[in-house]
Amino acid sequence: MSKGLRLDNLRVALEGGSHPLIPVDGVSLDVPAGQCVALLGESGCGKSLTALAMMRLLPEGVKVVRGDVSLDGESLLDLPERDMRHVRGGRLAMIFQEPMTSLNPVLTVADQIRESLAAHRGLTGRSADTEAGRLMAAVGLPIERLSSYPFQLSGGQRQRALIAMMLAGDPTVLVADEPTTALDVTVQAQILRLLKTLQQERGMGLLLITHDLDVARDMADRVAVMYAGQIVEWASRAQLYGAALHPYTRCLFQVLPSIDRRGGRLAQIPGMVPAPGTALVGCRFAGRCPDVVERCRSEPQALRELAPGHWVRCGQAEPGRLASDALPDARDASSGDVKATPSPILELRNLAVHFPIRKGLFQRVAGYTKAVDGVSLDIRAGQTVALVGESGCGKTTLARAALRLIEPTGGQVLLAGEDIGRLEGEALRQKRGDMQIVFQDPFSSLNPRMRVGEIIAEGLAALRPELDKAVRATRVTEVLERVGLPADAFGRYPHEFSGGQRQRIAIARALVVEPKLLICDEPTSALDVSVQAQILNLLADLQQERGLAYLFITHNLAVVGYLADRVAVMYRGRIVEEGEAAALLNAPAHPYTRMLLESAPGKGMTKVPEPGTRARIPSDGCAFADRCPMVMPLCRTVAPELKEREGGSRLSCHL
Amino acid sequence: MIAYLIRRLLYALPILLGVNLLTFALFFLVNTPDDMARLHLGVKRVTPDAVEKWKAARGYDKPLFVNARADGLGKVTDTIFFDKSLSMFAFHFGVSDDDRDIANEIKTRMWPSLAIALPTFVIGLMVNVSVALILIFFRRTYVEWSGVVALVALMSVSGLFYIIGGQFLFAKVWQLAPISGYQSGLNAARFVWLPILVGIVGGVGSGARWYRTLFLEEANKDYVRTARAKGLSETAVLFRHILKNGMVPILTGAVAVFPLLFMGSLILESFFGIPGLGSYTINAINSQDFAIVRAMVFLGAVLYIVGLILTDVSYTLVDPRVRLS
Amino acid sequence: MRPVLLWTDGLIFLLVAGLIAFVVLVRRHEHLRAPWRKVAANPVAVAAAIVLLFFTAIAILDSVHFRLALPAGPSGAVHYSPEVKSVLDVLSGPLAEQQEKSYSAPFATHLFSRETVTLPDGRQLRTYPRLRYGGASLHDPERGRSGDILMRTAEGLAGGALVWLMLWLGLKPVYGKAASRRTIANTLLALCLISGFLVALATHYHVFGTDKVGQDVLYITLKSIRTGVLIGALTTLVTLPLSIGLGVSAGYFGGRVDDAVQYLYTTLNAIPGVLLIAAAVLIMQTQLESHPGWFETGTERADLRLLFLCLILGMTSWTGLARLLRGETLKVRELDYVMAARAFGVSDVRILLRHILPNIQHIVLISVVMDFSGLVLAEAVLSYIGVGVDPTMSSFGNMINGARLELAREPVVWWQLAAAFVFMFVLVLSANLFADSVQDAMDPRSRRNA
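One line per chain: the protein sequences are A, B and C, in this order.
Numbering follows my numbering, with no gaps: position 117 of the first sequence is 117.
Numbering follows my numbering, with no gaps: position 154 of the second sequence is 154.
Numbering follows my numbering, with no gaps: position 2 of the third sequence is 2.
Keep in mind that a hint or two might mislead.
[What the hints assert, rightly or not] Partial pick of chain A residues on the chain B-facing surface, computed with a CB cut under 10 Å: (1) R82; (2) M84; (3) R88; (4) V106.
[Stated by the list, open to error] Residues from chain B that keep clear of chain C, each with C-beta distances beyond 10 Å, as calculated: (5) L10; (6) G59; (7) F82; (8) A103; (9) L118; (10) V204.
[To be verified] Beta-carbon label-pair distances, calculated as ranges: (11) L5(C) - F138(B): 49 to 57 Å; (12) S233(B) - D170(A): 18 to 26 Å; (13) A418(C) - L186(B): 36 to 44 Å.
Rather than coming from a laboratory, the hints here were simulated on the basis of the structure.
Note that beta-carbon positions come from the ideal geometry of N, C-alpha and C, so glycine has one too.
Next up, chain A with everything else stripped away, as it sits in the complex (with noise of 0.2 Å):
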């Protein structure tokens, strides 16, 4: 029997309720030692039921109906819990999402590693700390952080923790349930090249779960795609990036924004994934399939081999159907370039936002966090511009700062040409329509005791009481209609919606007082791809229609490459590089944009950076030397000021 865990036709239900609900429905998987497997799919499809039914770790009321897991030709699931033990966490380990949430808060690192090491290879005492010590090096974190509590460490760092906590056991196959999601950029590809290195060079197997395409592409040699319960296409990696053959996956690809895209619409999958409850015939992918025909819908859908270890789960799909398009090409809705108007419509001048950090006996202010430190940005009417950087370098305090949702310590806001920081009262209240502000989090944007009606009239009755309630009404139903929303949605409340329609909802909200400029603060993390092309074609034709200015703050690149007119990059609460989209993408000057743009997975890993310090911020020179591949002396001690470039681009860098 070969080496490697082995799933065979898993099926996990939901107990409780009528008919029991099948988030996982037959899935059948090979991992073996040495491989990596990447089991790849949007949220709710069962991809993180399918690992934790492996590990034995189901929640309560979810339970294995059918199928089996081996593990080096053992089956786990009829092995008594005491010797299930000693696989989970040894042979079998697994890694989670939440770096932050997964260690115990008041052990040490220590404390967790030696206890798994106590657990699996029976190390105490000596042993123990020198085979920690081991792991840590192994895992690349300084010896020292042994006796950090998890508080003290980033969330990178964290994370590193965690895997060699799982290490301990010296698996034969990790397992990682979307272990980079919750991580920058720059920390994802140190952490994804640490794993890589590990499974290779212990010959472990590693089973990836994400559902981020690229990641998948730069880790895995197989790769399943998984559909609602099901795995739709089990392929080698170059099969797969090369020939997808299921639909569902081939629209995957279609939808992902990228700067190629540019200028045009995206694919878009019609419809939503089918509820865990419907019961199905046929294919499941078929309400949604551009190839569908009757038989789709009538007759379960096996999966096929239809090259060599390639296997497929449709009846129509076919070798020679390579590389076309599933979707119809929706690139006639090109726009041609009105964009440049000359206007700029917001403009920040020096905008600051300092927080006191209070100190000793009598809470004097010792210094402060400059989150936002002196930021110049304008934004044209019609225009988008991207504010690009990692979590917690101020891009949302920028925003709420522009929004005088918190008062700025310093500079100006400048809205059509008025200082909107001076106003107060009523004729603040007067502004506050032409700039609005869509969030991130779909489920906290949106009030839920309030029905969806109430919510986007509640701007029209704040912004322009003088319209009485049947106006009103109607506005808000047109503009229910113009985001794509049921006329019914008027009378419901916001949990009646999935994710994507909620963002539509909160579009609507802030369209309906008909602003100039629209905020968007990362609108599309949180939403599976395709959900995101739906959203990002609205956001595209909004501004066609309406001359809308965008604000588009987002990590992800692609999206920044597929719709920014101009890219400003954020670092540590400065703007780094300003310029033309399509140019600082393509060239970029500063090297925080290059590591940025470097670190982006779907490009073979090519060069990782190294991981930063995260050292405080020097009190001169600039913030980036930490980090930075080419400091030079100078930049330790004098920061570099952000300055015109030709071709109206800006940066900030000495070289």
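Starting from the known structure of chain A, fit chains B and C onto it as the hints suggest.
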């Protein structure tokens, strides 16, 4: 840390002052000293003379805030407010209506109170934590279900019934302990074990149930899943991970009430005739001895604030994430 | 007859009206109804709620007060009896009047202690005298008693079953096809049988015996229910405006407002609760004594004292909820939908009313049901210390207080304590169980399953 503590102590001053003003308002503004005198002397034989005499004997005949007749500093100090309220900051509690020194009384009565309250508290804490852990260990079984029902039933019984029931069964029917009374020294054990037992049993319902929810909250966290994924046994998960995290709020919560143990338990002491601060307070309430009530209010407030500060300090000891600044 | 509206009566009716309004509101809004559906699906909660409703009904019946007209005097002017009666008094009929001389055990026909009786022939005898009312219809209590009791029990149970049947058929539109209708049926059946038993026997026997002055203990217990329910319910009425107003504004406005509110509740918390209550009650007592004009009858005086007690309890117990609400408001205020509203320039008042309050109301609700049982228990302790309700008022605390010394008697007088224990336990237990399931349904943090 030191700066933090000093700041907390400084912050305590306005609170104590607030407590002081509040009690002062309750005792001297809403009810004038005349009212008090009449109340004490009984409604029937009140003559203006007797009222004046009663007030003079206790120093209640002074003006409330400003004494116009006194000189210099005395204008402020020779007043009821200064005498009866501000002097508490120096722990000058004055004398009670039966002419005993309250501070002295507190010092002697503190020990019997502690003899009951301390064991009740410590053993009770251990019992509650153990019961809660057992329930968590057997979660999703009938043991847990019936345990929780039993705890809810226990906490639905008035504390008075625990005392009455305990006295009736152990003291009267089985004659295992004296019904009430107290002796100092080693003899005390004979008298205190029953009140301690009653106190523990009376508190287990709400206590263990509360701790169970704390542990449950921990048991649902991600790091517990990680611990299981490492292949640890259920007992290791429970004791190393859940217990350790769950004890953070439990211990700090316990530290907060710890100083208040000095105040004794009102009901237990009075039922069992323990000459502690609890029964002292109750007697003062019943005989409407305002001087004692005021003193106990102030003492309670001081101990409460000490508890708050100790809680913050204990957080830094048990939770590595907390640093005081 | 002249109706009398005591202060607490008025407030309790106000509270009932508020409760009905709340139910109507909940029925109209799906998102408010959803958690209650979860509560309604829990059999324990349904049973507890029915028992609580039953207790509340007794309390409300006991809150409709009036004074009977005295027989017209020679002048023809109508005078009213100084005694204030309630509908419950009328319904319980003879229970209130059938007063014996002193203690008698449950179902006893004779007094509990020996007395010297003068026989018709002038001789004096130390004996247990017959009760005036308890088992008075029996000729030979020695023999006839058990048979009589059994007969009446059967009658009572049959009557109870009949009432239950009628109720069950009559309430069909209410419970409809509810999942918990079996629980409803069982709980109602139990209540009906117990009530039937009590109704049939209480008129001829003292089911729970009599107390020191010969009052029927069952009657006193029934009267105590109102006191308990009132303290639990009215206190929250005082607490809510304080804790919502102060807690929410501290959390929302922050800064100085927050500092002031925090100072206020830390100061109040610093004073040991019982002492603060005791001090306030003592002061209230002297105030009542020096203002005899505030009340006409003894009942009104006791009522005023009850009202003040609720006020005092409310003033001292708002801090916990205020703290919770402050914390929750701090969280909600940072949520994106509040940010969105602020980006529209929506006024603070509107944000508070439309965004903050609706999203913290579940905490208020949970805390109200959780506090109820605690307050019922607190009444007993406070009455024991002597700072509870008026000593003339029937309450569980006063019952326990009056009875505990009698445990020293030989044989023991246990029935008063037993009656207080049973009724109080059932009331508090159902309140606790109900509160538990409400919390389960509304508080996302207290999910049961690990």
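A quick look at each hint next to the structure:
1. Interface hint status for R82(A): upheld, as the beta-carbon distance to the closest one in chain B is roughly 8 Å, under 10 Å.
2. Checking M84(A) against chain B: minimum C-beta separation of about 8 Å stays under 10 Å; hint holds.
3. For R88(A), the interface hint holds, since its Cβ comes within 10 Å of a Cβ in chain B; the closest pair sits about 4 Å apart.
4. Below 10 Å, beta-carbon pairs count as interface contacts, and V106(A) has one with chain B at about 5 Å; its hint therefore holds.
5. The non-interface label for L10(B) is consistent with chain C: the shortest C-beta to C-beta separation is roughly 13 Å, beyond 10 Å.
6. Distance to chain C confirms G59(B) as a non-interface residue, since its nearest Cβ pair spans about 19 Å, more than 10 Å.
7. Listed as outside the interface, F82(B) is consistent with that label: its C-beta sits roughly 20 Å from the nearest C-beta of chain C, beyond the 10 Å cut-off.
8. Remark: the non-interface label on A103(B) is consistent with the geometry, its nearest Cβ contact in chain C lying 17 Å away (cut-off 10 Å).
9. Every Cβ of chain C is farther than 10 Å from the Cβ of L118(B); the closest lies at roughly 18 Å, confirming the non-interface assignment.
10. No Cβ of chain C comes within 10 Å of the Cβ of V204(B); the nearest lies about 15 Å off, and the non-interface call holds.
11. Checked against the hint of 49 to 57 Å, the pair L5(C) and F138(B) passes, with Cβ atoms roughly 54 Å apart.
12. Here the CB-CB span from S233(B) to D170(A) is close to 19 Å, well matched to the stated 18 to 26 Å.
13. The beta-carbon spacing between A418(C) and L186(B), approximately 38 Å, falls within the hinted interval of 36 to 44 Å.
In this structure, none of the earlier numbered hints is contradicted; all agree with it.
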